[in-house]
Amino acid sequence: MITLALYIWLLPLLAFTIQIFLGKRLPRKGDWVSVSAIGISFALSLILFIRMLSNYSPDFQVTASVPWINIGQFKIDMGIYIDNFAIVMLMVVTTVSFLVHVYSIGYMAGDPLYNRFFAYLSLFSFSMLGLVLFDNLFGIFVMWELVGICSYLLIGYYFEKDSAANAGKKAFITNRIGDFGFLLGLLVVFTAIGSFNLSDVYQGVAQGKLSGGLLTAAGILLFCGAIGKSAQFPLHVWLPDAMEGPTPVSALIHAATMVAAGVYLVARISFMLSFDAMLVVAYIGGFTALFAATIAITQNDIKRVLAYSTISQLGYMIMAMGVGAYSAGFFHLVTHAMFKAGLFLGSGSVIHAMHHAMEKTNVHEDPNDIRLMGGFKNKMPATYITFLVFTLAISGIPFFSGFLSKDAILGGTLAFAMSQSNPVHYLLPFFGFTAAIITAFYMFRVVIKTFYGEPKRPDLYEHIHESPKVMTVPLMVLASLSIFIFYTLPSFNPISAEQGWYEQLIEKPASAVSAQLGYPVLEISEQIEHSAHVNGMMISILFALTGIALAFLFYFWKKVDVEALTEKIKPLYTLSYHKYFFDELYNATVVKGLLAWNNLLAWFDSNVIDGIVNGSAFIMRHFSSFTGKFDLGFIDGLVNAVGDLTQDVGQSVRKIQTGQVQYYILGALAGLVLIIVTVLI
Amino acid sequence: MNSIIPYLIVGAIVFVLGIFTIVYKKNAVGILMGVELVLNSVNINFIAFAKFVDTGIHGQIISIFVIILAAAEAAIALAIILNIYRMKATVDVTQLNKMKH
Numbered sequence: 001m002i003t004l005a006l007y008i009w010l011l012p013l014l015a016f017t018i019q020i021f022l023g024k025r026l027p028r029k030g031d032w033v034s035v036s037a038i039g040i041s042f043a044l045s046l047i048l049f050i051r052m053l054s055n056y057s058p059d060f061q062v063t064a065s066v067p068w069i070n071i072g073q074f075k076i077d078m079g080i081y082i083d084n085f086a087i088v089m090l091m092v093v094t095t096v097s098f099l100v101h102v103y104s105i106g107y108m109a110g111d112p113l114y115n116r117f118f119a120y121l122s123l124f125s126f127s128m129l130g131l132v133l134f135d136n137l138f139g140i141f142v143m144w145e146l147v148g149i150c151s152y153l154l155i156g157y158y159f160e161k162d163s164a165a166n167a168g169k170k171a172f173i174t175n176r177i178g179d180f181g182f183l184l185g186l187l188v189v190f191t192a193i194g195s196f197n198l199s200d201v202y203q204g205v206a207q208g209k210l211s212g213g214l215l216t217a218a219g220i221l222l223f224c225g226a227i228g229k230s231a232q233f234p235l236h237v238w239l240p241d242a243m244e245g246p247t248p249v250s251a252l253i254h255a256a257t258m259v260a261a262g263v264y265l266v267a268r269i270s271f272m273l274s275f276d277a278m279l280v281v282a283y284i285g286g287f288t289a290l291f292a293a294t295i296a297i298t299q300n301d302i303k304r305v306l307a308y309s310t311i312s313q314l315g316y317m318i319m320a321m322g323v324g325a326y327s328a329g330f331f332h333l334v335t336h337a338m339f340k341a342g343l344f345l346g347s348g349s350v351i352h353a354m355h356h357a358m359e360k361t362n363v364h365e366d367p368n369d370i371r372l373m374g375g376f377k378n379k380m381p382a383t384y385i386t387f388l389v390f391t392l393a394i395s396g397i398p399f400f401s402g403f404l405s406k407d408a409i410l411g412g413t414l415a416f417a418m419s420q421s422n423p424v425h426y427l428l429p430f431f432g433f434t435a436a437i438i439t440a441f442y443m444f445r446v447v448i449k450t451f452y453g454e455p456k457r458p459d460l461y462e463h464i465h466e467s468p469k470v471m472t473v474p475l476m477v478l479a480s481l482s483i484f485i486f487y488t489l490p491s492f493n494p495i496s497a498e499q500g501w502y503e504q505l506i507e508k509p510a511s512a513v514s515a516q517l518g519y520p521v522l523e524i525s526e527q528i529e530h531s532a533h534v535n536g537m538m539i540s541i542l543f544a545l546t547g548i549a550l551a552f553l554f555y556f557w558k559k560v561d562v563e564a565l566t567e568k569i570k571p572l573y574t575l576s577y578h579k580y581f582f583d584e585l586y587n588a589t590v591v592k593g594l595l596a597w598n599n600l601l602a603w604f605d606s607n608v609i610d611g612i613v614n615g616s617a618f619i620m621r622h623f624s625s626f627t628g629k630f631d632l633g634f635i636d637g638l639v640n641a642v643g644d645l646t647q648d649v650g651q652s653v654r655k656i657q658t659g660q661v662q663y664y665i666l667g668a669l670a671g672l673v674l675i676i677v678t679v680l681i
Numbered sequence: 682m683n684s685i686i687p688y689l690i691v692g693a694i695v696f697v698l699g700i701f702t703i704v705y706k707k708n709a710v711g712i713l714m715g716v717e718l719v720l721n722s723v724n725i726n727f728i729a730f731a732k733f734v735d736t737g738i739h740g741q742i743i744s745i746f747v748i749i750l751a752a753a754e755a756a757i758a759l760a761i762i763l764n765i766y767r768m769k770a771t772v773d774v775t776q777l778n779k780m781k782h
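Line by line, the protein sequences are chains A and B. Residue numbering for the first sequence follows our numbering, beginning at 1 and increasing consecutively. Residue numbering for the second sequence follows our numbering, beginning at 682 and increasing consecutively.
Hint data in this document are derived by calculation from the structure and do not stem from the laboratory. None of these values were measured; they are calculated from a predicted model. From the three backbone atoms N, C-alpha and C, an ideal C-beta is built for every residue, glycine too. Among the hints, erroneous ones may be present.
[As the list claims (entries may be wrong)] Some chain B residues near chain A, calculated using beta-carbon distances under 8 angstroms: (1) Ile703; (2) Gln776; (3) Asn778; (4) Lys781.
Okay, chain A solo, but in the shape it has when bound (with noise of 0.2 angstroms):
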């Protein structure tokens, strides 16, 4: 099991390792290499997935680790975990990555720079499958920000183009904010605990060597990475900037793996969450569900109104942690990754024919661009079809898997708000059905102005044509695994995933917190979650219909003028399109701020620091010009001085050796004399 394991883990670097070296000189640029090392990764996984389900123990776990660090006490363990939860999401990586490299084949065909990017991809595989099979912290934050330095290298991909290349160090930089708060949170737990082990961590947690605010903290801030990684509110700006990487990355890093990590770590860590810690993360993960749906509403570029729909469904995921459904929010990380990275590949596969409608007409516009689009449908059938699949996912329309997921966290959500006493929680489930509302509406807008009505632009609409195989191939995995049947297997009950395979294998990681006395245990009764599960069920079905309803009224229809509307709420409209002024508010605080500051340094540094070093040389010169006299003048005169009485001295009394030894006896009577005159006297 654990070989299998680490075969899964190190194929795709062997990958990258070949890919960075020698892909130049492969046959085809080497893409095989990559493909087939995450192909038999994938295999591996199916395997151990298997393996998961015929033994059918919801405690499964092995564990297996390797002393790293080991310098007297101090003693760091490096070692792979492999549980139920961790297989879920190492097939959920691998299938993902698997699709996106085959369709990669097809969508970056002769790109100047083609081994290098299928080199990178698996160095992400890699740094993923990493993050999820380590037991420990401290490795899974090396992964964290192995899979960070990827996603910069992906996003900056093109970087040719300055907005990409900047867009690479936006996100970087972005995420080390949040990285600094894991990295602090690391050290506390370290510091209380001894060990980053997660098992040892529960332990200490659960005897209390970590407790009070202290707690609260450390879970906050390693709850900070999770931000910074998930795109949540307030470091959510990075993620619709990640878009100017190629379309297969966004698919990969940026919808269905890397942003999850935050929701996989917030999940691996909720033991340790107290009950303050976890509002916090579900307040977070709310806001920015409603948040960033109502910024995706206006946004004009197909791949950006994707971005926001991510930022929004990780929102979903997040809050769900907070409100204590874990598996929900897992669950929902899961078939949101398979339909998202769909949505992803399938407007690559529409941008893919816009750019090739563009360049055989020679207009230079931006293919995202759905205002240029119309109709499509027609023309593409596998990719609208396809698109269609994952929208009513994300949608939540019973029969696909977006809705067992996106149900099962509304209703926890719902579940949690009616078991608690302060009436302001009910604003969680507000923030939840409002955005699925919203969902439902952007994502039928994006589907009607892309792939229904007239063509805007005939002159582009006649080049359209669809994608080749290599593309359209994954996007039917894609979407038969958005497809409510492989989530409830082995019953075959479309709206709930209760007797399904996940729910029955994926438990809710038992709280270490609630051993500890003193504080709010978040308990809800069965009875609760039950009409909370059956009224959400309703609630939502009802609101993703109605989003839908008003998108074909708005924008199918027509029964609505949109433009008289947009008028009349300007403000809202121009808030929501700027979305929300937030890169002009960091740019004005944050970078501006920093560039201040920055200046302040340089005058200080330039004028303070330089001055004092500058002064200090003065004043050691002139010292050292006067020392310098003293020694030659005083130093040295007191030296020659003691040379010349000695040479003198004995220049006068060299003569009394005359060479008679005659003398030298008178000398010695004379002493011997002397020496008995005074013993006597």
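For this one, chain A is given, so just place chain B on it according to the hints.
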């Protein structure tokens, strides 16, 4: 003659004469003779002290040693003087001032 004083007086006179000879003679052989005088004055003293102070015969034994020593010393010294004479063709010690400053 039951007093030690006359012996000591004689010894002192011989000693002074010896020293005087050593210091004033220019001839190296004369200085050697002065040395013999000094040694013999010491012998007189030894014998005198042996008779009047010490009860044993230590003084006499040492005297015999000194006489043998003197003979040996005279032989070596004469050999040195002969060599000096061969080299410098003189035995005048005022001429032998190689160790002068």
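We went through each hint and held it up to the structure:
The criterion of a C-beta within 8 angstroms of any C-beta in chain A is met by isoleucine 703 (chain B), whose closest approach is roughly 6 angstroms, and the hint holds. Violation of the interface hint for glutamine 776 (chain B) is found here, the shortest Cβ-Cβ separation to chain A being roughly 10 angstroms, above the 8 angstroms cut-off. The beta carbon of asparagine 778 (chain B) is positioned within 8 angstroms of a beta carbon in chain A (closest approach about 3 angstroms), and the interface hint is therefore held. Taken as an interface hint, lysine 781 (chain B) checks out: its beta carbon lies about 3 angstroms from the nearest beta carbon of chain A, inside 8 angstroms.
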